[in-house]
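Peer 1: Sequence order for the protein chains is A and B.
Letter 209 of the first sequence, counting from 1, is numbered 209 in my numbering, and no numbers are missing.
Letter 192 of the second sequence, counting from 1, is numbered 192 in my numbering, and no numbers are missing.
Be aware that one or more of the hints could be misleading.
No copy is singled out in the list; a pair is fine if it fits within one copy or between any two copies.
Unchecked claim - Listed next, the in silico EDC-like pairs over lysine to aspartate or glutamate satisfying Cα-Cα at most 20 Å (straight line):
id: 1; residue 1: K379; residue 2: E306
id: 2; residue 1: K89; residue 2: E113
id: 3; residue 1: K379; residue 2: D281
id: 4; residue 1: K88; residue 2: E113
id: 5; residue 1: K85; residue 2: E113
id: 6; residue 1: K3; residue 2: E28
id: 7; residue 1: K88; residue 2: D139
id: 8; residue 1: K342; residue 2: E304
id: 9; residue 1: K108; residue 2: E230
id: 10; residue 1: K3; residue 2: D41
id: 11; residue 1: K91; residue 2: E113
Treat the hints as calculated values from the structure; they're not laboratory data.
Protein chains: 2
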Amino acid sequence: MEKGYLDYQSGMPVDPRVVEAMTPYMMEHFGNPAVLHSVGDSAREALEAARAHVAGYVGADPAEIVFTSGATEANNMALKGAAMKLAKKGKHVVSTVVEHRSVITPLKFLEREGFEVTYVPVDRDAFVDPKAVEGAIRDDTILVSVMMANGEVGTIEPAAQIGGIAKAKGVLFHTDAVAAQPSVPIDVSTLPFDLVTLSSNDIYGPKGVGALYIRKGVRVEALVHGGGQERGLRSGTENIPGIVGFGKAAELMKAELESDVARMKPLRDRLMDGILEGIADTTLNGPRDRRLPHNANIRIAYIEGESLLLALDMEGVKVSSGSACSAKTLEPSYVQLAMGIKHEEAHGSLQFTFGRWSTDDDVDLVLAVLPGIVERLRKMSALRPGMEYDKESFGHGHDH
Amino acid sequence: MEKGYLDYQSGMPVDPRVVEAMTPYMMEHFGNPAVLHSVGDSAREALEAARAHVAGYVGADPAEIVFTSGATEANNMALKGAAMKLAKKGKHVVSTVVEHRSVITPLKFLEREGFEVTYVPVDRDAFVDPKAVEGAIRDDTILVSVMMANGEVGTIEPAAQIGGIAKAKGVLFHTDAVAAQPSVPIDVSTLPFDLVTLSSNDIYGPKGVGALYIRKGVRVEALVHGGGQERGLRSGTENIPGIVGFGKAAELMKAELESDVARMKPLRDRLMDGILEGIADTTLNGPRDRRLPHNANIRIAYIEGESLLLALDMEGVKVSSGSACSAKTLEPSYVQLAMGIKHEEAHGSLQFTFGRWSTDDDVDLVLAVLPGIVERLRKMSALRPGMEYDKESFGHGHDH
Numbered sequence: 001m002e003k004g005y006l007d008y009q010s011g012m013p014v015d016p017r018v019v020e021a022m023t024p025y026m027m028e029h030f031g032n033p034a035v036l037h038s039v040g041d042s043a044r045e046a047l048e049a050a051r052a053h054v055a056g057y058v059g060a061d062p063a064e065i066v067f068t069s070g071a072t073e074a075n076n077m078a079l080k081g082a083a084m085k086l087a088k089k090g091k092h093v094v095s096t097v098v099e100h101r102s103v104i105t106p107l108k109f110l111e112r113e114g115f116e117v118t119y120v121p122v123d124r125d126a127f128v129d130p131k132a133v134e135g136a137i138r139d140d141t142i143l144v145s146v147m148m149a150n151g152e153v154g155t156i157e158p159a160a161q162i163g164g165i166a167k168a169k170g171v172l173f174h175t176d177a178v179a180a181q182p183s184v185p186i187d188v189s190t191l192p193f194d195l196v197t198l199s200s201n202d203i204y205g206p207k208g209v210g211a212l213y214i215r216k217g218v219r220v221e222a223l224v225h226g227g228g229q230e231r232g233l234r235s236g237t238e239n240i241p242g243i244v245g246f247g248k249a250a251e252l253m254k255a256e257l258e259s260d261v262a263r264m265k266p267l268r269d270r271l272m273d274g275i276l277e278g279i280a281d282t283t284l285n286g287p288r289d290r291r292l293p294h295n296a297n298i299r300i301a302y303i304e305g306e307s308l309l310l311a312l313d314m315e316g317v318k319v320s321s322g323s324a325c326s327a328k329t330l331e332p333s334y335v336q337l338a339m340g341i342k343h344e345e346a347h348g349s350l351q352f353t354f355g356r357w358s359t360d361d362d363v364d365l366v367l368a369v370l371p372g373i374v375e376r377l378r379k380m381s382a383l384r385p386g387m388e389y390d391k392e393s394f395g396h397g398h399d400h
Numbered sequence: 001m002e003k004g005y006l007d008y009q010s011g012m013p014v015d016p017r018v019v020e021a022m023t024p025y026m027m028e029h030f031g032n033p034a035v036l037h038s039v040g041d042s043a044r045e046a047l048e049a050a051r052a053h054v055a056g057y058v059g060a061d062p063a064e065i066v067f068t069s070g071a072t073e074a075n076n077m078a079l080k081g082a083a084m085k086l087a088k089k090g091k092h093v094v095s096t097v098v099e100h101r102s103v104i105t106p107l108k109f110l111e112r113e114g115f116e117v118t119y120v121p122v123d124r125d126a127f128v129d130p131k132a133v134e135g136a137i138r139d140d141t142i143l144v145s146v147m148m149a150n151g152e153v154g155t156i157e158p159a160a161q162i163g164g165i166a167k168a169k170g171v172l173f174h175t176d177a178v179a180a181q182p183s184v185p186i187d188v189s190t191l192p193f194d195l196v197t198l199s200s201n202d203i204y205g206p207k208g209v210g211a212l213y214i215r216k217g218v219r220v221e222a223l224v225h226g227g228g229q230e231r232g233l234r235s236g237t238e239n240i241p242g243i244v245g246f247g248k249a250a251e252l253m254k255a256e257l258e259s260d261v262a263r264m265k266p267l268r269d270r271l272m273d274g275i276l277e278g279i280a281d282t283t284l285n286g287p288r289d290r291r292l293p294h295n296a297n298i299r300i301a302y303i304e305g306e307s308l309l310l311a312l313d314m315e316g317v318k319v320s321s322g323s324a325c326s327a328k329t330l331e332p333s334y335v336q337l338a339m340g341i342k343h344e345e346a347h348g349s350l351q352f353t354f355g356r357w358s359t360d361d362d363v364d365l366v367l368a369v370l371p372g373i374v375e376r377l378r379k380m381s382a383l384r385p386g387m388e389y390d391k392e393s394f395g396h397g398h399d400h
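Next up, chain A with everything else stripped away, as it sits in the complex (with noise of 0.2 Å):
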């Protein structure tokens, strides 16, 4: 990994591991596990180890895994798949103002087709309070979908007390657990979970495949409609390479979460108190406590995220400005705006986040070059304060 990599919940590197799982299924191993005749075996014991692998790594059965494209499609299903099955029920969702694009789209889908969905506020942390879901749940409600963790603040959320919650009330629960993959443990067999959308490429697997758990006795209609793969659920043929590198990537992370978390979370630390404590004007997005222990988003008061993010690009190091998918819009985050940060200072937030190859470097070069590029370009700013022509450029005149 170069140095100054710093912008993992973007994108991550395939573990080697895994891509050396992978390719023999892409060559020699190629075969439909729906033939009948030997060339079918490898490709079906493959997909069926690597099923095991996935169900291990979040304590469920292999039965309850289903395989989709990856955690946008797995999104989809639950809530549509859920949406539409219990339709009949009640039309009514609950979820939460921070959630993931790929939960926020198919939901606003589902208004379009006559649901209603309530979308819990958040405080100035991005928690979401359990009280106010379950305030929010009435009789026609049908599904409860509150995310994990945010992977862009770093809030990790109180889905268990919530998903308990919706138990207590006979509604099911879904939670996106994308964010908290990297770095918190997952574990159906304990949480009071229903649905469950898990992502291959945010554990260091292959693009393109992901999986929703559906706890035993829940029914969702599916999305992908066809040769009646995955149990009917999901059809299409099965991506055997990208499933067997989700499998690899999933038993290493059972087996190197701890590990990961241990190397993580110092270096993240400094990373985080460096920046607090070395430059004037900076405050930490999200909670200090209760955070993803890989993630730091910091706001550096009267600088475009932009600019920042450009400067810092330069001298090597790549982080992220707001969400990855919000990123290129250069839309302010409707996190940070939803947590109660202003439109300007939410355009000033840098996300950094820490994978399985940071290492010091990383947190030493940031630490090096941050500081001189955050003078340098407050110097430019027209949000610097005090500055005759920046109120004239914001509208404040002279009126205050």
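Based on these hints, arrange chain B on the given structure of chain A.
Peer 2: Just chain B now, kept in the frame of chain A:
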């Protein structure tokens, strides 16, 4: 490739040149195209280069190619996406009885959602009659979907003619081109196709990726919602290694289709004629002309396909009986039943499909072992005519 593999339609290895192109995008160039920093640059460039290759392969503009998780999803997106978009205009769709399951099953879903589908029948060679399609189009018809070729019995359908009829009537035309891809050129710049389903792993590319060609000006609803990738038509972090592999496979297929066919067709002809001439009571399923040059499907009277297939497997010959998807269920092929082939006859079919690594050795092996296997199985067969117990076992008794 191991000698005797003649089941390319069920599963193809990834071309080693494709694997070589993909691997760097798993490890070194793992970036997310959505990020602003330079790590995203190589991902963005790779994504657009692959799009240009896939577009070039079918004579499309790159802006007309939407990447999906595979051909099944592309068929789902074309059919449901077009139906949803045009539901206000009408709710009638015309298709055929011999489409792939990834077309039939989404159509059945649309029927449950209030759409009406006319499934046009086929003749003894599985040909769809363009006049029958024309006759089925009504004022409220919004979509016609007819495959380019049937991968099981090899029939190349008059899709161009049918597309022209749809166009003349102002109705959208979709074709599932997957079965045709290994041996038939596709050129949307001259063919009247509005929506074309394309597979990667049917042209020696990776599994888990496909594309939908959407002619400029044609609009469909998205099936998978989220971060707005692929211009909002297919959300989800782009599977860059898979897409790069598909691009490379498309580039290779465009360059090598002609030489692939020149190599496969004589092998196919020698196998087909060798069996038809060398073994009594064998019949070609599907036409001799206007047939996929890499496909032979032969009915062998008085034997069950499954026992044939397993006996061949023991001799190293890997083939399918019926379609890959129905093979596991041991149901007779719905395609052959639709052609008017009797239930017990349809059970005795062998489907041979050739590919880029097929050689004379594969044909030699089949011609060496098949006659003996057929003779042995026919001796044991309850289906063999003229034996008293046969008639009884099939319930014919003494009444005729």
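Peer 1: State for each hint whether it applies.
Peer 2: Here is how each hint holds up against the structure:
1. K379 / E306: Cα proximity of K379 and E306: one copy only (16 Å, versus 78 Å across).
2. K89 / E113: both (15 Å within a copy, 18 Å between copies)
3. K379 / D281: within (14 Å within a copy, 89 Å between copies)
4. K88 / E113: both (14 Å within a copy, 14 Å between copies)
5. K85 / E113: both (14 Å within a copy, 13 Å between copies)
6. K3 / E28: Between. Shortest inter-copy distance 13 Å satisfies the 20 Å Cα cut-off; intra-copy 36 Å does not.
7. K88 / D139: within (13 Å within a copy, 33 Å between copies)
8. K342 / E304: Within one copy only: 13 Å inside, 72 Å across.
9. K108 / E230: For K108 and E230, the Cα distance is within 20 Å only across copies (18 Å; inside one copy 27 Å).
10. K3 / D41: Only across copies: K3 and D41 sit 17 Å apart there, 43 Å inside one copy, limit 20 Å.
11. K91 / E113: both (10 Å within a copy, 17 Å between copies)
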